[in-house]
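S.K.: The lines below spell out each chain.
Number of protein chains: 4
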Amino acid sequence: MRKIIIGVMGPGEKATANELQNAYALGKLIAQQGWILLTGGRNVGVMDAASNGAKSSNGLTIGILPSGNQNGISEALDIAIFTDMGNARNNINVLSSDVVIACGMGAGTASEIALALKGNKKVILLTDDEESKVFFKKLLPENVYIVESVVDAIATAKAIL
Amino acid sequence: MRKIIIGVMGPGEKATANELQNAYALGKLIAQQGWILLTGGRNVGVMDAASNGAKSSNGLTIGILPSGNQNGISEALDIAIFTDMGNARNNINVLSSDVVIACGMGAGTASEIALALKGNKKVILLTDDEESKVFFKKLLPENVYIVESVVDAIATAKAIL
Amino acid sequence: MRKIIIGVMGPGEKATANELQNAYALGKLIAQQGWILLTGGRNVGVMDAASNGAKSSNGLTIGILPSGNQNGISEALDIAIFTDMGNARNNINVLSSDVVIACGMGAGTASEIALALKGNKKVILLTDDEESKVFFKKLLPENVYIVESVVDAIATAKAIL
Amino acid sequence: MRKIIIGVMGPGEKATANELQNAYALGKLIAQQGWILLTGGRNVGVMDAASNGAKSSNGLTIGILPSGNQNGISEALDIAIFTDMGNARNNINVLSSDVVIACGMGAGTASEIALALKGNKKVILLTDDEESKVFFKKLLPENVYIVESVVDAIATAKAIL
Numbered sequence: 384m385r386k387i388i389i390g391v392m393g394p395g396e397k398a399t400a401n402e403l404q405n406a407y408a409l410g411k412l413i414a415q416q417g418w419i420l421l422t423g424g425r426n427v428g429v430m431d432a433a434s435n436g437a438k439s440s441n442g443l444t445i446g447i448l449p450s451g452n453q454n455g456i457s458e459a460l461d462i463a464i465f466t467d468m469g470n471a472r473n474n475i476n477v478l479s480s481d482v483v484i485a486c487g488m489g490a491g492t493a494s495e496i497a498l499a500l501k502g503n504k505k506v507i508l509l510t511d512d513e514e515s516k517v518f519f520k521k522l523l524p525e526n527v528y529i530v531e532s533v534v535d536a537i538a539t540a541k542a543i544l
Numbered sequence: 384m385r386k387i388i389i390g391v392m393g394p395g396e397k398a399t400a401n402e403l404q405n406a407y408a409l410g411k412l413i414a415q416q417g418w419i420l421l422t423g424g425r426n427v428g429v430m431d432a433a434s435n436g437a438k439s440s441n442g443l444t445i446g447i448l449p450s451g452n453q454n455g456i457s458e459a460l461d462i463a464i465f466t467d468m469g470n471a472r473n474n475i476n477v478l479s480s481d482v483v484i485a486c487g488m489g490a491g492t493a494s495e496i497a498l499a500l501k502g503n504k505k506v507i508l509l510t511d512d513e514e515s516k517v518f519f520k521k522l523l524p525e526n527v528y529i530v531e532s533v534v535d536a537i538a539t540a541k542a543i544l
Numbered sequence: 384m385r386k387i388i389i390g391v392m393g394p395g396e397k398a399t400a401n402e403l404q405n406a407y408a409l410g411k412l413i414a415q416q417g418w419i420l421l422t423g424g425r426n427v428g429v430m431d432a433a434s435n436g437a438k439s440s441n442g443l444t445i446g447i448l449p450s451g452n453q454n455g456i457s458e459a460l461d462i463a464i465f466t467d468m469g470n471a472r473n474n475i476n477v478l479s480s481d482v483v484i485a486c487g488m489g490a491g492t493a494s495e496i497a498l499a500l501k502g503n504k505k506v507i508l509l510t511d512d513e514e515s516k517v518f519f520k521k522l523l524p525e526n527v528y529i530v531e532s533v534v535d536a537i538a539t540a541k542a543i544l
Numbered sequence: 384m385r386k387i388i389i390g391v392m393g394p395g396e397k398a399t400a401n402e403l404q405n406a407y408a409l410g411k412l413i414a415q416q417g418w419i420l421l422t423g424g425r426n427v428g429v430m431d432a433a434s435n436g437a438k439s440s441n442g443l444t445i446g447i448l449p450s451g452n453q454n455g456i457s458e459a460l461d462i463a464i465f466t467d468m469g470n471a472r473n474n475i476n477v478l479s480s481d482v483v484i485a486c487g488m489g490a491g492t493a494s495e496i497a498l499a500l501k502g503n504k505k506v507i508l509l510t511d512d513e514e515s516k517v518f519f520k521k522l523l524p525e526n527v528y529i530v531e532s533v534v535d536a537i538a539t540a541k542a543i544l
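Residue numbers (the working numbering), protein chains in the order written: chain U, 384 to 544; chain Z, 384 to 544; chain R, 384 to 544; chain F, 384 to 544.
In case anyone wonders, no lab produced these hints; they're calculated from the structure. Predicted model only: the values in this text are computed from it and were never measured. Hints should not be assumed to be uniformly reliable.
Which copy is meant is left open, because identical chains are indistinguishable; a pair holds if it fits in one copy or across any two.
What the hints assert, rightly or not - Cut-off 27 angstroms, straight-line C-alpha distance, at most; resulting in silico cross-link-like pairs (DSS-like, lysine-lysine):
#  : residue 1 : residue 2
1  : Lys397    : Lys516
2  : Lys386    : Lys521
3  : Lys411    : Lys386
4  : Lys521    : Lys411
5  : Lys516    : Lys386
6  : Lys541    : Lys516
7  : Lys411    : Lys397
8  : Lys411    : Lys541
9  : Lys541    : Lys520
10 : Lys397    : Lys520
11 : Lys411    : Lys516
12 : Lys541    : Lys521
Turn these sequences into a full structure, and let the hints steer you where they fit.
M.R.: Next up, the structure:
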């Protein structure tokens, strides 16, 4: 009965146009696989773009919000989980995802990758940030997958599951 | 796009036969309204019974788990959110529910009612524990609804939403 | 090496003059025992009064704050722990206290008592709220101690430790 | 009245002999400055070594524990804060530290550095892991300080405070 959940993590306010495009495409493809999309739930950046992508293909979207109220929530969420625990909710994001895809890089995203690895989760990195790939790949090689495209990310997720 | 979420809270291992029956019926009726059921997600007591009830009518079930891994999860969950934060997850349970229904009473349930009231959520009490009704009704009268049956609980939830 | 920690919980903005007076006296007596005082750390109500009481006798004061920054902190804290997790921090308050003393009553305080009982902690109730005493005493009789004065509360804590 | 808190973060079970030695020295020097030492509180690795170092110079030691009970606690803690929230407590570690010193590297440590940067905290890196220095320094240059020795770490902390 349990559904597969794919977490897409990435920058909020600082996301680049390319990251937003990738996030939207990831959300769309995740939905098309019949997987549930999980994000940090805010109405900005990779979270919002991925959720909108998933909804464009009638996927189910979950947001694990840092806040305890309705402010700043993505309009593209089906299910809003309010944690009121700020960035500590990043640990819930990754523990609840069968696979974590990092789309872009930033301090929040780095914390999610690190917490995922600490929790022995598999993480797929799709980012232009070369230093992050070198660092995380060395940190826990067998759990880190580096991909070059959205299509690769989905194929890798499929292989991992 | 956001779906309505009804939280059903109640005892785990110590739930009575009557509470389990009520929880199952609550889950079933919640699903029949098209609402999502949210529980604490474990495979015992009111959480498990409500989730099974919801699934019996093809509802969608979310569990907010105290643990960080697969042990002790209800088989009747569609979506498992792993918090790994023990009873502190009770705050997430209530903040994420549009209405909270307490089915039975115990220390964990009491904490959820109190956290719900602290967060200005509406709480419906369905329990034989008279002292809890007197206490919580006095604590925040305008947010506490005392009901005598599962059907009353659902009707009250509908009126609140 | 580990020091004894006594948690004093109670209303914030809504604390009565009597509760504030009791909280100050509790903090003072806790410090005089050589115990550390733990509160919710905000600059209002029972938290603030107890912390000021402890400092008046050169005690050590810890505040477990709901916020992630300096706003609203009691001036009487030696050690500020910033959780940024709102009322979910109430579980940390009680798990970290060797004994919990509830001074007054409210939704937040009720959540702390309930979480303490869920975690099998001993709780001392000093409050005019009769309904809360009846409810919590019935909920877990062997862990709940009802006292009538600050001096009784401290004597009871000493007996429990 | 508020005391200065320095967080020392680093590997647990996998800490190297050199990291343990540095951690002990850091704890000792932190105590000698009159600062409070904050760690993750467990009885292994950098946490335990730093706490023992601080106690060797009569410092005050706080541990923010991932667990909710006494198992696995460092003997060198004066104050144990039980979160029962696993690695999500890493956010509390860094939010509660005036300066964070990373001594060594690992997934947990990386999550703490990232969460610290997300929360706009200053982080001092003392590690042989070159890739981590390159990555984090690029991520938020103005908040990351790279040092080559324990003495440098303390001097840098002093300059930051």
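S.K.: Within, between, both or neither: how does the pair Lys397, Lys516 come out at a Cα-Cα threshold of 27 angstroms?
M.R.: both (19 angstroms within a copy, 22 angstroms between copies)
S.K.: Within, between, both or neither: how does the pair Lys411, Lys386 come out at a Cα-Cα threshold of 27 angstroms?
M.R.: For Lys411 and Lys386, both the intra-copy (17 angstroms) and inter-copy (20 angstroms) Cα distances are at most 27 angstroms.
S.K.: Within a copy, between copies, both or neither: where do Lys541 and Lys516 come within 27 angstroms Cα-Cα?
M.R.: For Lys541 and Lys516, the Cα distance is within 27 angstroms only inside one copy (21 angstroms; across copies 33 angstroms).
S.K.: Within, between, both or neither: how does the pair Lys521, Lys411 come out at a Cα-Cα threshold of 27 angstroms?
M.R.: Neither: 31 angstroms inside a copy, 31 angstroms across copies.
S.K.: With identical chains, the pair Lys411 and Lys397 could be close in the same copy or across copies; at 27 angstroms between alpha carbons, which is it: within, between, both, or neither?
M.R.: within (22 angstroms within a copy, 40 angstroms between copies)
S.K.: Can you give me the call for Lys541 and Lys521, within, between, both or neither, at a CA distance of at most 27 angstroms?
M.R.: The answer is within: 23 angstroms in one copy meets 27 angstroms, while 32 angstroms across copies does not.
S.K.: Up to 27 angstroms between alpha-carbons, please classify Lys516 paired with Lys386: within, between, both or neither.
M.R.: neither (29 angstroms within a copy, 37 angstroms between copies)
S.K.: Taking 27 angstroms as the upper bound on the Cα-Cα distance, should Lys411 and Lys516 be classified as within, between, both, or neither?
M.R.: Classified as within: same-chain Cα gap 25 angstroms, cross-chain 36 angstroms, threshold 27 angstroms.
S.K.: For Lys411 vs Lys541, is the C-alpha pair at or below 27 angstroms within one copy, between two copies, both, or neither?
M.R.: within (15 angstroms within a copy, 34 angstroms between copies)
S.K.: When no copy is named, should Lys386 and Lys521 be tagged within, between, both, or neither for a Cα gap of at most 27 angstroms?
M.R.: So Lys386 and Lys521 fail the 27 angstroms test inside a copy (31 angstroms) and across (38 angstroms) alike.
S.K.: From the Cα coordinates, with 27 angstroms as the cut-off, is the pair Lys541 and Lys520 best called within, between, both, or neither?
M.R.: within (20 angstroms within a copy, 34 angstroms between copies)
S.K.: Within, between, both or neither: how does the pair Lys397, Lys520 come out at a Cα-Cα threshold of 27 angstroms?
M.R.: Result: close both inside a copy and across copies, 24 angstroms intra and 18 angstroms inter.
Of the numbered hints given earlier, the model fails hints 2, 4, 5; all others are met.
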